[in-house]
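Based on the hints, put chains V, B and F with the ligands in the right spot on chain G.
Residue numbers (the numbering used here), protein chains in the order written: chain G, 1 to 334; chain V, 1001 to 1334; chain B, 2001 to 2340; chain F, 3001 to 3340.
Just so you know, the hints here were simulated from the structure itself, not pulled from any lab data.
Cβ atoms here follow ideal geometry from the backbone N, Cα and C, with glycine treated the same way.
Not the full set, but computed from the structure, chain G residues with beta-carbon under 10 Å of chain F:
(1) Ile128
(2) Ile135
(3) Leu143
(4) Glu148
Derived DSSO-like pairs (lysine-lysine); straight-line CA-CA distance at most 30 Å:
(5) Lys3182/F <-> Lys1318/V
(6) Lys149/G <-> Lys1199/V
(7) Lys3050/F <-> Lys1269/V
(8) Lys2182/B <-> Lys318/G
(9) Lys199/G <-> Lys2050/B
(10) Lys1199/V <-> Lys241/G
(11) Lys3024/F <-> Lys1199/V
(12) Lys1041/V <-> Lys3182/F
(13) Lys3050/F <-> Lys149/G
(14) Lys3182/F <-> Lys1269/V
(15) Lys2050/B <-> Lys1149/V
(16) Lys2024/B <-> Lys1122/V
(17) Lys2024/B <-> Lys1241/V
(18) Lys297/G <-> Lys41/G
(19) Lys241/G <-> Lys149/G
(20) Lys3024/F <-> Lys122/G
(21) Lys291/G <-> Lys278/G
(22) Lys3050/F <-> Lys241/G
(23) Lys1149/V <-> Lys199/G
(24) Lys241/G <-> Lys3024/F
(25) Lys1199/V <-> Lys1269/V
(26) Lys199/G <-> Lys2024/B
(27) Lys2050/B <-> Lys269/G
(28) Lys2050/B <-> Lys1241/V
(29) Lys41/G <-> Lys2182/B
(30) Lys318/G <-> Lys122/G
(31) Lys1241/V <-> Lys199/G
Single-letter residue listing:
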Amino acid sequence: MSIQEENNQANTRGQLPYEREFLLSLYERMVTIREFEDGVKFLFLEGIMPGTIHQCQGQEATAVGVCANLRANDFITSTFRGHGHALAKGLTMQEMLDELFGATTGCCKGKGGSMHMGNMQKGMIPGIAIVGGGIPVAAGMALAYKMEKSDRVATCFFGDGAVSEGAFHEGVNMAAIWNLPLVFVCENNLYGASTHISKVMRDTNIARRVASYGIEGRQVDGNDVLAVYEAAKASVRQCRKGAGPAFLELLTYRVTGHSRRDACHYQPKQEREEWAAKNPIERFGKLLKEKGIIDDKGLTTIKTRVLQQFEEAVENAKRAPLPGPQDLTTDVYV
Amino acid sequence: MSIQEENNQANTRGQLPYEREFLLSLYERMVTIREFEDGVKFLFLEGIMPGTIHQCQGQEATAVGVCANLRANDFITSTFRGHGHALAKGLTMQEMLDELFGATTGCCKGKGGSMHMGNMQKGMIPGIAIVGGGIPVAAGMALAYKMEKSDRVATCFFGDGAVSEGAFHEGVNMAAIWNLPLVFVCENNLYGASTHISKVMRDTNIARRVASYGIEGRQVDGNDVLAVYEAAKASVRQCRKGAGPAFLELLTYRVTGHSRRDACHYQPKQEREEWAAKNPIERFGKLLKEKGIIDDKGLTTIKTRVLQQFEEAVENAKRAPLPGPQDLTTDVYV
Amino acid sequence: MTKRMGIAEALREAIAEEMRRDEKVFCIGEDIGVPGGWGGAFTVTLGLEKEFPDRIIDTPIAELGFFGVSCGAAMMGMRPIVDVQYGDFLFCAIDQIIDNIAKMRYMSGGNICMPLVIRAPIGATGRGSQHAQSMERYFTGVPGLKVTTVSNAYDAKGILKAAVREDNPIMIFEHKLLYGSKGMRAESGAVDATVEIPEDDYVVSLDKAAVRREGSDVTILGWLLMSHFAQEAARRLTDESIDAEVIDVRSLSPIDYETIGTSVRKTGRVIIVEEGPKTGSVGAEIAAGIMERFGEYLLCPISRVASADVPVPFSPLLENLYRPDVPRIVAAVRQVIQDE
Amino acid sequence: MTKRMGIAEALREAIAEEMRRDEKVFCIGEDIGVPGGWGGAFTVTLGLEKEFPDRIIDTPIAELGFFGVSCGAAMMGMRPIVDVQYGDFLFCAIDQIIDNIAKMRYMSGGNICMPLVIRAPIGATGRGSQHAQSMERYFTGVPGLKVTTVSNAYDAKGILKAAVREDNPIMIFEHKLLYGSKGMRAESGAVDATVEIPEDDYVVSLDKAAVRREGSDVTILGWLLMSHFAQEAARRLTDESIDAEVIDVRSLSPIDYETIGTSVRKTGRVIIVEEGPKTGSVGAEIAAGIMERFGEYLLCPISRVASADVPVPFSPLLENLYRPDVPRIVAAVRQVIQDE
Ligand SMILES: Cc1ncc(C[n+]2csc(CCOP(=O)(O)OP(=O)(O)O)c2C)c(N)n1
Ligand SMILES: Cc1ncc(C[n+]2csc(CCOP(=O)(O)OP(=O)(O)O)c2C)c(N)n1
Ligand SMILES: [Mg+2]
Ligand SMILES: [Mg+2]
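Next up, chain G with everything else stripped away, as it sits in the complex (with noise of 0.2 Å):
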């Protein structure tokens, strides 16, 4: 039996053994980055916002269920489609939306952007938007911590196409052969912008790729934030304890385009109605219910709370201060 489906069995089986609150937090959570982000896609597509966007919906469990096992001071990488694990991993709403406004309130002053949110406090270096190029520097950051004798934990995020870049092979080499504390999660989205996985790979199963360089990879279902709950800890506590790297693929798919305005014809109707069915928060939601942990009127309750979060974030990152002229040339060098 797999990991996935002995967890799936766990999940339905009697009580949930986690704690209510921890249950709902995971919940909210989920919900945050998805109004987040259909919020955000609606003033892209009005014109609100500049610049361009890549978002995660349909893969709020994998962000969110990874970074309940982390420290803040725990950090981790991610790419170019990084609003879900930012706020998996503690960043406001406020200072994200406050960064798609250009402003000087954002988390990188507004000189990061959509591509490259992170927050240093909250264990999140800015998004790597080349990619793959992310994976040997969570590697670094193991390295340190490895090096600095802590028991931190590094987690780096990457999607099924980051497995065909050069730096993928060298950074999860390194990893490996020097036992480093890192996390490497990989979402399994089926596609690299446009492009199929199977056009990209023979076997396109990324947990036997990685067994190649002495790694365990394990696959699990990205879309049931408790399985990746699970799998997640699992792996962090082997790698707080030295025993690492370890190595999770998550098994999702992204629901929007691959960046604003892709209509995603590329993708079989069938397919894409068959994880439609998957939705992550409906299936948590349906399973908090069964369980007696929550009703349909507290998950409502949830969704307003966090809608009107999300609404008042944008009101004031309308209002947020925005850079000058003196702001181009500072942050260049310390």
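Only chains V, B and F with the ligands this time, still in chain G's reference frame:
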């Protein structure tokens, strides 16, 4: 029974299933490489020859066994350590010595040098001295063969050290997904420069590594020229009929320094001695004698002939025409 | 007969025509020919996979790899057109470009041809600092490469065709704000670069600058988006009775010092406008090159209008400060005219 | 108290002292600490693994990877000294250097420090065109990076120490022909760069040029090997009663225009000497920068002595033609003096 054991048995049992002339040509080619390398090393240490060199004493069987399967228009890629590949692919000692002396009659008109030996008429592009750099290039050559619908095959030589480079990963993967007619030949001599393979791979089995790309990798005794020949024959045939790529890991050892003046103190004495005993030339000579193909006198005749050719070539090279100022700026553009 | 076209369409048409003309020509890159996809990041190859199913090659996300692949294929006689989604990703492939693609011919003593075209979109466009860099500076002057730029649809088509027919490796830089100012992929701040294009086959030279506006007081040099801004600045300067000559430098390697020299001899004043940090810019080379060749004709030091020495900022306000604009060009011209 | 030393030894001593001083400092690179090995390609870290077994990190052959690793470690507070065996291999890692190492601070809005030192040997030395390039041009002016060079042992030690103590990423370029003119790794054509060095701790500024010889007729600017050749040229020119000032530019990003400007105001004539193709050279930036700042003091156009626009050829005869030499510098000086 592994392929090399099978071959070893085939080779010592009864008659060898090859024409005498063919066997002797393999032998002479290996002797040519060895004498060329030893002679060149001497010239370098004497200070007669400029630049630097990376030599392949001890690895003669790999180049010769593989290239014996290739046609003139089946291109190979090579590396900074390319003298053996070049001689095996049909370059003459003369054009190579001329090149090493920086003469305009050299195979690259003196512009390439030791690390960039090649001759387009003979199916060898200039050696690529960036570790791993030739691997995607070879994939491109194979892609061209596939697009032109010919049965040509590309062959890519590289070392164990190159396996750590991103270029390896990207190139091997593309060859796999596109089914390219490309024979990868990894000469695993246990070291990348001074670094033992066990320091850079958790699992040092390279053939196993490539399985993750969906390519079958085969480990072969790289000091047994007939084993190499047979393995390469199967690989080349597989590629010619469109069932590529193929991957050979040839187990061998560099019995000389990484580059000029390296005393190899990082190699354990016992390891060196063990491998010295596996000298591919002596070993093949012994087999040929056992099988009655040739006797000691015959072997000596070959060596003497090669040595004489080498010395003649050196004398010519010393008198070969050197480039002048007008040559500096030619050959940059068509 | 002519027809009106934008740069993206013109490039697409050029590619299709060249692929029909010569079966050795093929395209390679990420997401360039996926059915239902976008034809690359900026629609340039959109739909071409239908006519050329075997010659539009979608790659994994592996720039080093597919540039190496293109190098190998070109040496075997193919003629790849390599698409990099954003010019920034050239960094991932630069080893193959500079160490192999550019040098193979020289290293082989002239025995190799490298008929290969690289197309790279550049420019700051609201995407933050890793999808925005002006990459020309890293390749200008690299021996063995030719570097050119396209600032309108006529040039785009003619330069691409000329490049495909050359036996040397050519890099073509395109600007994201010039692909098209309307439709699906239009960007905020896009500039209209559509022009009338002949129906018939034509090529544009790979080593010639284009005088976009004649004038006698000052020479403004620019390329890509900046050549448009320079023209706009020249128009505004007529109000102040300043008559500026505007040259679209186009070819950055080699630089057309003949055309530039003719202008410098006439005006004696030069402004070079460039998107990208000033220090180490292509403009530095052009300035030094002009001084060496035509120093005696200069009435005042050459002045460069370029970006600040900072990574590209995200915030639109900062990005607009980063990108040289018409007022800054106008001001620079006034300065050199007053300075005497 | 002083002692005589070559550049390789001086760097080694500087690294050891800094590692003793601060346990966050570590070295990373290929073959840098293998017992029985060479201490990197040019012996700089030889033996250091004995004193610092956990802080001399040998890597696989994976430049992109270990530069990325260094970037990540630096952000977490470590202070890596990154060794690339040959500067040419920086191309394999340039994405990490320019896109991450240089930009992280800016992208984060000033929340990140990147205390990281990159050491890269450059120069044409009989190895053909992929182990020979002058790489400074690719990094000069990249915002977020500082770029410097070391042309003698005193500078080598003091600059390396200063670099390790900085919170910005610093690239130090070293020249293969200056590591040492004697012993194991001596190269044909090597130049003696040994000098007397204080026993005590000292640093050398990362943004200051050094006047190596005072003179009044012409300013010769160079760095690395060329600063030595420039001094030799100046000595020879005294025979012709030409009094040349020689400045070792040292710091290429930022460029010390104060020191350079003082000299230009005095001499009015400038020669820039550089190994590497002339087009797109660092010298172009220096020439343009001088013209912009001190154009009015120039008595004649700035002249660049650099390599031809070709890849580095192997043949020693061609390589010697490629590398600017003393006679060419002397001739260039004569030219600017005669030209008036
Ligand atoms: C080096 C590099 N190449 C190409 C791109 C353009 N690009 C941005 S996202 C993307 C697809 C990434 O796919 P994947 O890693 O699976 O992540 P996902 O988008 O699915 O989250 C591509 C090709 C890039 N940003 N960096
Ligand atoms: C990209 C790159 N990094 C480093 C080097 C320096 N270098 C030259 S050969 C070598 C070792 C290569 O080892 P391997 O691939 O096993 O080949 P071998 O030398 O054993 O034939 C190294 C590190 C290089 N030439 N290119
Ligand atoms: Mg994906
Ligand atoms: Mg090896």
